[in-house]
Structures are given as C-alpha cells and as structure tokens.
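Visitor: Fit chain B to the supplied structure of chain A, relying on the hints for placement.
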Amino acid sequence: MLNVFLAQQPTNLDAPGIDYAAILPILIILGAACLGVLLEAFLPKHQRWSGQVALSLLALAGAGVALGAYVGGSPAAGTTTLSGTVAVDRPALFLWGTLLALALGAVLLIADRSVEPGGSFVAQAGISPGTVQDRAQVGSTGMQTEVFPLTLFALGGMMTFTAANDLLTMFIALEVLSLPLYLMCGLARRRRLISQEAAVKYFLLGAFASAIFLYGIALLYGYAGSVRLADIASATAGTDRSDTLLFAGFGLLMVGLLFKGSVGPFHTWTPDVYQGAPTPITAFMAACTKVAAFGGILRVLTVAFESTSWEWRGVLWAVAIISMAIGAVLGLTQTDVKRMIAYSSIAHAGFLLIGAMALTEEGLSSTMFYLLAYGFTTIAAFGVVSLVRDASGEATHLSAWAGLAKRSPLLAAVFTFLLLALAGIPATSGFVGKFAVFSAALSDGMAPLVVIALVFSAVAAFFYLRVVVLMYFSEPAPEGPTVSVPGAFTTAAITLGVVVTLLLGLAPAFALDWASAGSFAMPS
Amino acid sequence: MTWLLVLILLPLAGALAVAGLRGNDRLAMLTALAVSLVELLLIVPLWLTYDPAGDRIQQASSMDWIPAFGIHISFGIDGIALVMIAVIALLVPIVIGALGSADKLPEGRGAGGFLSLILVQQSLTIGVFAATDVFLFYVLFELMLIPMYFLIGYYGGPRRQYAAVKFFLYSFLGGLIMLASAIGAYSLASDELGQGTFDWATLVTVVRDAPASTQIWLFLGFFLAFAIKAPLVPFHTWLPDAAGQAPIGVAVLLVGVLDKVGTFGFLRYCLPMFPEASTQLAPLVLGLAVAGVIYGSVLAAGQQDMKRFVAYVSIAHFGFIALGIFAFTMQAEVGAVTYMLNHSLATGMLILVIGLVVARGGSTRISDYGGMAKITPVLGAMLLIAGLSTLSLPGTNSFISEFLVLLGAFDARPVYAIVATVGMVLAAVYVLWLYQRIMTGPVRGDALVGAGGGPGTAIAPEAGAKKAVRDLSPKEIALLAPLVVLIIGLGFYPKPVLDTVTPSVEATLSAVQEGN
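For the protein sequence lines, the chains are A and B, in the order given.
Going from the first sequence to the working numbering is simple: count from 1 and add 266.
Going from the second sequence to the working numbering is simple: count from 1 and add 54.
No lab work stands behind these hints: they were computed from the structure.
A virtual CB, placed ideally from N, CA and C, is assigned to each residue, including glycine.
Where hints are given, some of them may not hold.
Here are a few chain A residues that sit away from chain B, every Cβ distance over 10 Å (derived from the structure) [unchecked claim]:
no.: 1; residue: Asp285
no.: 2; residue: Leu324
no.: 3; residue: Arg401
no.: 4; residue: Ala402
no.: 5; residue: Val404
no.: 6; residue: Ile483
no.: 7; residue: Arg605
no.: 8; residue: His663
no.: 9; residue: Leu664
no.: 10; residue: Ala713
no.: 11; residue: Ser740
no.: 12; residue: Asp779
Covered stretches of chain B (chain A as the covering partner; in silico rule of three or more C-beta atoms under 8 Å from a C-beta of chain A) [claimed, not checked]:
no.: 13; region: 238-245
no.: 14; region: 333-346
Here chain A stands alone, though its shape is the one from the complex (with noise of 0.2 Å):
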C-alpha cells in the first residue's frame, strides 16, 4: 500500500522558484510588522510610540526603495513567481507605488499626537466605554501602538491582493488586509460606542463579503478545475462546461470584491465604518482599501474573465449606476462630514468601476491614475477633518463649519481645493483622473454610461459645493468648533496630499506615463 502511494509521488518535488527581488517590497513590509509586534513585547512603554513610527516609515521608505530598485530592470512584461501565486507586473508595481506613497500619508496621520494629546487611539482597547477607567483614558497620553504594526499587516495585504494570480492567494491577502482594519476601527479615543459598534459591523459584514468571496471561489474551481486566474481564462474559451457555474462563481466572487471597494449597493458598511472609526484609520481605509479592491478586480477582470465581458458587463454597468446614484443623491443628504465623505467615496467607486469595466490599456491606466489621484485626495480631506475639533473631540457636524473661513483662511481654502478635486474641477487631480476615465470608457463604446456619470458628477459637486457655502458664507456659530494648530506629522500628510493632488492636476503626464507603462502580466 505504502509502495503504491509513494509510486504516486513526483520523484523529485521542487521547492517553487522566488524571485525575492521582485517581491521584496512585501516582504519588507509584512517583515516589518512581525517586528513591529516585538517591539510592542520588548520596549518600554515610553519607547513604544517613537519606536514604532521609526520602525513603520524606515519600513515604508525601505520598501519604496527596494521597489524603486526594482522597476528598473524588471521584465515589461512582468513576472510570475511563487510558482505562480503571485504575479509582479507593471500595474502590480504602479499599485504597490501607490499604496506606499498613501500609506506614508496614512501613517504620518496615525502618528500625530499633538492635535489630540496623545494621538486619536484608546489608550487601552480594554477599557469598556462609558466607565471611570474609559474617562481617564480620554485625559491621558498613552495609546494602543499596536497601530502601527497593524497598518504594516494591513499594508502587505493589500500589495499581495493586487499581485495575486490565483484566487486563494488572493483570499489570504484579502484576510491578512481586513482583519487589523476590523480591529483598527473600534481603537478610537473619543466616542468609543460608535468606534466599537463601527468595528462590529465591518467585522460582522466583512466576513460574510470573504465567506460570498470563498463560496465564488469554490464555484469557480469547480467551473475550472483550478485557481489559477489564467487557468479560469483558458476555461471559458471551451464551450463544454456549466455556465452556471462560471457565472455563479463570478458573480460570488465580485459580491466579495466590491464589498472591499464600497461599491453601492454593497456598499452599506461604508458610511457607518468611516463615521466611527479613528479619522487616520478611516483615512487609511479609504485611500488604500480602495486601491487594494480596486487592483484585485482589474487583475480578476482582465486576466481571467476578458473574453466572457460581453455576458457580465451589463450587470458592472448597473452596479456602476447604482453606486454613483447611492453616492451622490444620499450625499446630498448627509449631515455629518465623513459620512459625506464616505458617500462621496462610494461615487466614486461608481466611476473607478467604469474604467475597470473597460478592459483596455487606457482603461487599466485611468483606473491607476484616478486611484493614485483620489487615494492622495482623500488622506488630505481626512487630514484636515481632523483638525476642526471641539470639548467633544472632533466637531464632524456640517454645522460646526459654518464659517470656518473667517476664523481659519488657510485650512478652509485647503479644504475648499480637496473637494473641488473630489468633484472633479480642472487643474485638480480629480478632474484628470475623470477625464482619463470618462475618455477610456468612451472610446470603448460606452457613451450612455459616461453621460450618466457626468449627471452623476454633477449632482456631487453640489454637496462638496454645500461645504463651501458654509465654511464661506455663512455667519460662524457662536460656540463653534476650534481649528487645532496640526503637529509636524499631520501637516506632513496634508501637504503632502495637496501637492500630489495640484501636481497631478497641472502635470499629469509623468503619473500618465507610469500607470500605462504595461499590462497585466498573461500566461504565454
């Protein structure tokens, strides 16, 4: 019986091939957050703080060098290593760029501790809200640096989604990169029921999306025979098979995927989950999980399901309306920032779907481009979200606004030129990353569609417009909110974020160049 089965072995099992040159910025990155949790273990807790932002920016810097290193003499047409798994390409770099340049952003947020003393974390997650101990811990100045290694998980999972070329290395990556985020949101300092009640829902939500994504997974082996995003390809040009199967599977599987993009009508964790969490975290999440999401379904939808577009499109086009209506008619109504932003984000998902849908090369760089261009917007919009505060913390009504020009000039005109490029105004970056979309799907033949998401920018822009009015015209409240003085750190983030977001609307065209510098890398 033994002889019979080892008979059956390969004789000799190879060890895969790594190409660790290529996948060294992950490596750096995930390397990082297992000693992040060390530190956490050894370091006094004095220490703790200052050695875990050096540990997370060497760790970002080190990993953007080693990419940098990388990019220039990598194959144009990409790579596969891992025996496949994983696959580095030109838009895996270009995304792994972007996700490092916003998770700098991020982190600098993260890190900042003079605009709440002690940073916007709980000091200790323990302590139940609304107790002696909860009240203290609002006074004092420690905080839960398990933060930062957390961010560097969530960070390397989210670089392997997007390089992932099969289906359960991307399942992983999608676990490694939204648990810490589960756990992040319900850290925040400052009205802990609705940080916590936020973490329990995006926990409870997120964990159906992976089990729908999963189940789309098991479908799809069962379609195919195998995992791997090319081998799906290969499948779908027989004729053989159930098409049940193929379709259930996909559209399993874009449930879960789409759920990570907030995009409407799986988008109802959105609002919630950025209302609660800590604004760094919610800033974190909304530029880099948005990338992440959005990196996975261009791979997933270029690589393995290209020549079935015709059966699936039309549904992507649904979903592309449905998202850009949620978000802009149930932004009109909103009344607390970040809840406007988040429906903001979830339009503009609607419109990054759009350039996924077209399958293209202009199509694959405009998606990139508008992800590097929103992604900087927003860490800056939350950036500054952070700095209106009152006795409560940060003052998130619309009403607090009112008028906020008068008393702070610069941060309202800051805040006025984020959302004019979130509503896609020229010489900003969101109107080059619209225009490259729009201009993608167009030439793609999908014109009603680009004339529906131009309706859509318009009905946006009044909401953004509507902060404008407030902070401008009209008369302060008496007892409003006070604009805190941003330590180093946050000023870093948000400067940061403006420049990219005027560069990349005055001078687009390196950012262009990069992000249509090659295709996904396809089996040969």
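Guide: Leaving out everything else, chain B in the frame of chain A:
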C-alpha cells in the same frame, strides 16, 4: 512670448500682488487699477499686430501639456476673440474704478480679495477666448466659474448663497456635458488619425466629416453648455438670480463678457466642427432664440427689480445674437458678432448706471424711485444714453448690429426675423418705461424722499429730498465717459470693428457651407 500671453499672465500676477495687500484697501485698489490699465494699454499692440487679412488664428503659441492625450496649452486669436478680449480689458478698469461709488461691498469684506478675484476672472476669461485647444478651452471654461462663484457668493446681495450655487451648478453641468462631447470628438480623431488630439484646427477637419448622426450628438453636448452660458430660453433661469445678487461690477463682467463665451462658443466650436448638425438643428435653435427675444422682453417689462430687469433684457439680446449666428448669412453673422461687442458696452453701462442709482437710493426696487432726473440730471442723461443704446436707437452702436441681424435673418429665415422684430418694439417699451418711472415726473418714492413721505407723495426736491442725493461726481462721469464715447462713436463709425471681425466670420460661415 506673444502679446496675448502677456495679456493672460499679467492679471494673474496682479491678482497675486493685490491678494498680498489685503490689509490696505486703498493701495490694493490702486494696484489693481494700475494693472488693469496696463492691460488695457496692451490691447493696442495686440490690435495693431492683428492682420484681418492674415491667418485665421494669430498670435499663436503652443506647448505640450498632457502628451498622452494630445493636449496642448495653445493660445491664439481671431477677429472675434480679439474684440471680446478688448471689451473685457476695457470693462475691468471701469469695474475696479466703480468700487466704492457704484459698488459697495458687504460689511467687513475687504476690497483686496474682491479685486484679486476680479483680476483672476479677467485672466481666465481672456484665456477662454484665446484657447485654441478644445481641452484647454474646457478647463478654462470650468475654472472661470470658481472666481465668479466666490464673487457672487461672498460679496453679493442677501440671497447670494442661493444665486452662487445655482450659477455654479448650471454652468458646471453644461460644461460636463460639453466634456463628454469633446472626448467624443477626441476619440473620433484618434480613430481617424491614429493619434488623438484636442487641437482645435485638427479636430475641425476631422469632426466636420463625421456622419450627421454622430455630429448631432456631439453638437448637442457643446450646444447645451453654450446655451446655458449665453442663456437661451429655457436654460436661462440662473441668470436673473446671479445677476440680481451679484455686486454691480461683477454683474457687469458676468452679463457683459462671461456670457459671451456662450455665443463665442457657438461661433468657434459648434458651427465649424459640426456644420451638418448646425444646419439641421438650426430651426430648433432659431426657435429658442426668438422665444428668448419675446420672453426676455415681456419679462423685462414686468420686472420690479432693476438688476433683474437687466438680466431679462440680456436674455432678449442673447436671443438676437443666437438668431444672427444660426441664420447663416453673412450680414446676420457679422451683426451677431458686433452685437456681442455692443451688448457688452450698452448693458455694461446700463448696469453701472443702475448701480449708481441704487448707490444713491439704497434700493433696487423700481417703485422706490420717481422723478430722479430733477435731482440728478446728469445721472438721468446717462441712464437715457444707456437705455437708448439698449433699445438700439439709430446713432447708437447697437442699432447697426441689430439691423444687420434682422436684415440677414430676413433673407434666410423671414418668419423668425419678423417675430424677432417685435422684440425691437418691446425694447422701446421696457426701456422707456423704466426711464419714465425712475427719472421723470415729480420726485417721489421711498428711496428718494424721507420716510415721512410715502410712495406716491410728490415733494419738491428742495423741500424734502432725502439725505443728500447728489448728482454724478467727476470721477463717476470719468468712469462712464469711455462707454458713452464708444456707444456714440461706434454708432456712427463702426468700420474698424466690422473690418476686424468680417474675415473671421467669413471663415466660420464658409466652414459651415463647405461641411454641407
């Protein structure tokens, strides 16, 4: 560095300097005035170097912006653009000079911000008229909204927030639809040439050969944006609010120059790029134009508020301009282009004079005034001149253009021309009736007599004239003088303007005829 680029960049530099002087209103005002006067002087070499018989686009300059999409920063002017740029250069110093007399900013709002926004507005508007890249045109078309939005929303009247947002959203939506059409034209070009471009001259040659069905869709996108901007009925509802709430100087720029971007767009983009669609849809546009003439005239006669009155008068006049443009005859077309200039002068002066009236009486309601010419004869004369130019009396500038429009339109489209002629009669009614109510008869009205005398109570000026309602000061006369000179001068000798615009109009018209 062409003269044109200097003209575009100088106000921007001026705006920066003025913004830096926010604490010192007087110095800011002087700087802004100096910048705008230099700008006006620079029109002289621009006009002199422009050769009407030369190339279609002159003073051309171009540099790459986004090579991936074939987008350039390129500027150049034809005769039509030159005239519009000259008008804005003339109006801006007057608007700046009028601050403090015709215009009063709300309490606590400094002049520095206002002036620098005006200068930014000037730069962007000149840029819009000068852009020869369709993408650049779109970008400036939308950017132009932002200073105007703040000028109305921050410095305007009591309902300024509503007016500013309405203005912005209308124009923004129109612009976005135009963007869709522009991208459509771009992808046509990239199919045709293998390499997409937004260069105006290239796009014209590609798009005008497209099938009529494609042309109509693309035409409608551009048309909607311009019809909102130039307000044609039924896309006009933002203008009475915006012009009514804007400060006087801003209203002068908005109605006098910004709205002309719409009619300019018809001429520069709609006709040459989509000749077939333009001809096919001309009856529709002419219908809207004539409806605008009648509708604007009737509503102007019924207005109680002077600033809204001007807005409706303009809607009627934009109807005339659109009638001239879409009649496709040489006379009508030249008439329409000169109408764009003359409307700026006449309406600009009318708004300024109304601003001077309002500054004295403190109310924009017509019924608050009466017999004002007895106290302020010079102001009365100015209102009369502006009014007569508005109703196109022979001997004023507007007469020639209105006459040409009707004459040319009658050749091609007699029915529309005849209906539009009713507008001329109505113009006499609403203008003279306005003058009569405000200026003639015994002195009366809340704005002029003290609170003791109610409306309708006749009081001799020396007996109870309220506060001190003074006639125009020398400074105010100096502000209005250039406009008066031009209104009467161009009424008798329009040749320089006609010579400048005619070749460009000919080129536009022949593009339409070739395309069919």
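Visitor: All hints are to be evaluated individually against the structure, with a verdict given for each.
Guide: Verification of the hints:
Separation of aspartate 285 of chain A from chain B is adequate, the least Cβ-Cβ distance of about 30 Å exceeding the 10 Å criterion. The Cβ of leucine 324 of chain A lies farther than 10 Å from every Cβ of chain B, with a closest approach of about 35 Å, so its non-interface assignment holds. With 10 Å as the threshold on Cβ separation, the claim that arginine 401 of chain A sits away from chain B holds: the shortest Cβ distance comes to roughly 41 Å. Every beta carbon of chain B lies more than 10 Å from that of alanine 402 of chain A, the smallest distance being close to 44 Å; the non-interface claim holds.
At the 10 Å boundary, the C-beta of valine 404 of chain A stays outside the reach of chain B, the nearest C-beta of that chain being 37 Å off. Once the 10 Å rule is applied to beta carbons, isoleucine 483 of chain A is consistent with being away from chain B; the minimum gap is 37 Å. Every CB of chain B lies more than 10 Å from the CB of arginine 605 of chain A, the least distance being 21 Å, so the non-interface label holds. Residue-level check passed: histidine 663 of chain A sits 19 Å from the nearest beta carbon of chain B, beyond 10 Å.
Remark: the non-interface label on leucine 664 of chain A is consistent with the geometry, its nearest Cβ contact in chain B lying 14 Å away (cut-off 10 Å). A beta-carbon of chain B is positioned within 10 Å of the beta-carbon of alanine 713 of chain A; the least distance is around 7 Å. Separation of serine 740 of chain A from chain B is inadequate, the least Cβ-Cβ distance of about 8 Å not exceeding the 10 Å criterion. In this structure aspartate 779 of chain A is not separated from chain B by more than 10 Å, as the shortest Cβ-Cβ distance comes to only about 7 Å.
Chain A is given as covering the region 238-245 of chain B, and this holds because 4 residues of the stretch bring a CB closer than 8 Å to a CB of that chain, at least three being needed. Only when three residues or more bring their CB closer than 8 Å to a CB of chain A does the claim for the region 333-346 of chain B stand; here the count is 0, and the claim is violated.
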